Amino acid sequence: MSSYSIEIRVIPRPGLLDPAGKAIHHALQSLGYDTVSDVRVGKAIYVDLEADSPESAIALTENMCQKLLANPVTEDFNVRIADEVEAPA
Amino acid sequence: MKIAVVTFPGSNCDYDLYKAIELAGGAPEFRWHRDTDVGQVDAVMLPGGFSFGDYLRCGAIAHMSPIMSSVVAFAERGGPVVGVCNGFQILCEAGLLPGALLRNDSMKFISQDVFIRVETTETQFTSSYEPRQILRVPVAHAEGNYHADAETISALEGDGRVIFRYVDRDGQTGTGGTPNGSTNDIAGIVNAGGNVLGMMPHPERAVEDVLGSVDGLALFTSLLSQTASAGV
Chain A
102 MSSYSIEIRV
112 IPRPGLLDPA
122 GKAIHHALQS
132 LGYDTVSDVR
142 VGKAIYVDLE
152 ADSPESAIAL
162 TENMCQKLLA
172 NPVTEDFNVR
182 IADEVEAPA
Chain B
98 MKIAVVTFPG
108 SNCDYDLYKA
118 IELAGGAPEF
128 RWHRDTDVGQ
138 VDAVMLPGGF
148 SFGDYLRCGA
158 IAHMSPIMSS
168 VVAFAERGGP
178 VVGVCNGFQI
188 LCEAGLLPGA
198 LLRNDSMKFI
208 SQDVFIRVET
218 TETQFTSSYE
228 PRQILRVPVA
238 HAEGNYHADA
248 ETISALEGDG
258 RVIFRYVDRD
268 GQTGTGGTPN
278 GSTNDIAGIV
288 NAGGNVLGMM
298 PHPERAVEDV
308 LGSVDGLALF
318 TSLLSQTASA
328 GV
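Quick mapping for you: the protein sequence lines, in order, are chains A and B. The numbering used here puts the first residue of the first sequence at 102, with every later residue one more than the last. The numbering used here puts the first residue of the second sequence at 98, with every later residue one more than the last.
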């Protein structure tokens, strides 16, 4: 078993109204960042867990996303391993 | 007629629902979210509020509460289930209703009276209303912008499952009566079986003259007249 730090990004579906992204976009424009064409706001969730392999750590986390962490109607998610620490033998 | 009102940590309309059920002549009973059984009741209501602080997404944590598997089983047996505001969000998260409630398009928390139109009286929740009756009821939410994919919306519309729609005081849509950006001005829907209702406006806060409107009361009397004749 190894310990994994997993980073999960949950992002509103493209094309879906994202009023927070829109508000930030306007604020960036008023700061003079006029080359910004779109802003969307999601969230990052960090989960530490134990698993046999990187693959099973990812599979487990994707399962969590489907069941709870993301809403399949409105959000997409992606999962990556941020850190892995092998348990001492 | 017994109606269970489920309280979650952060619910704040549970007593309003309790009182409205009493006023309509029903017998409300509180259930705690950690209970595992709704018990022998004729209907279940999920109140508004901010269950679990709206952490993660509104209703997302509450739908994992121990009582919810019993609520889902009750709904699957055809038992009437009503979710108001946060209760609607919980029903969507639990998969008992399609779609999701997004952030209001204004980005603001909206607390005001709105007008909604009764789109059908052919449900156990609206049978005591007049067809196309216009109701004045309060909303109080930041995430009430109903969203679902095009296929789901057209199924809801085609099957007559949109039962409340935001309108202006004259009953018209498209004139700014929708407070939150909801698709097709949707304020309340039922599931395919017609026994699960979710709505963002608060009928339980419009049941006595002192509250400024009594237009919500008929929702409770509709349900009570059904459960009186059917029994689940």
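Please keep in mind that the hints were generated in silico from the structure rather than gathered at the bench. Since we're looking at a predicted model, the values are computed, not measured. Even glycine gets a Cβ: it sits at the ideal position worked out from N, Cα and C. Some clues are possibly wrong.
Simulated coverage check for chain B against chain A, where a stretch passes if three residues somewhere in it have a Cβ under 8 Å from a Cβ of chain A [claimed, not checked]:
hint, segment
1, 136 to 146
2, 188 to 198
3, 217 to 229
4, 267 to 273
Some residues of chain B that are not near chain A, with every Cβ distance over 12 Å (derived) [said to hold, decoys possible]:
hint, residue
5, 107
6, 115
7, 161
8, 233
9, 249
Going through the hints against the structure:
| no. | hint | verdict |
| --- | --- | --- |
| 1 | 136 to 146 | violated (count 0) |
| 2 | 188 to 198 | holds (count 5) |
| 3 | 217 to 229 | violated (count 0) |
| 4 | 267 to 273 | violated (count 0) |
| 5 | 107 | holds, 17 Å |
| 6 | 115 | holds, 30 Å |
| 7 | 161 | violated, 7 Å |
| 8 | 233 | holds, 27 Å |
| 9 | 249 | violated, 9 Å |
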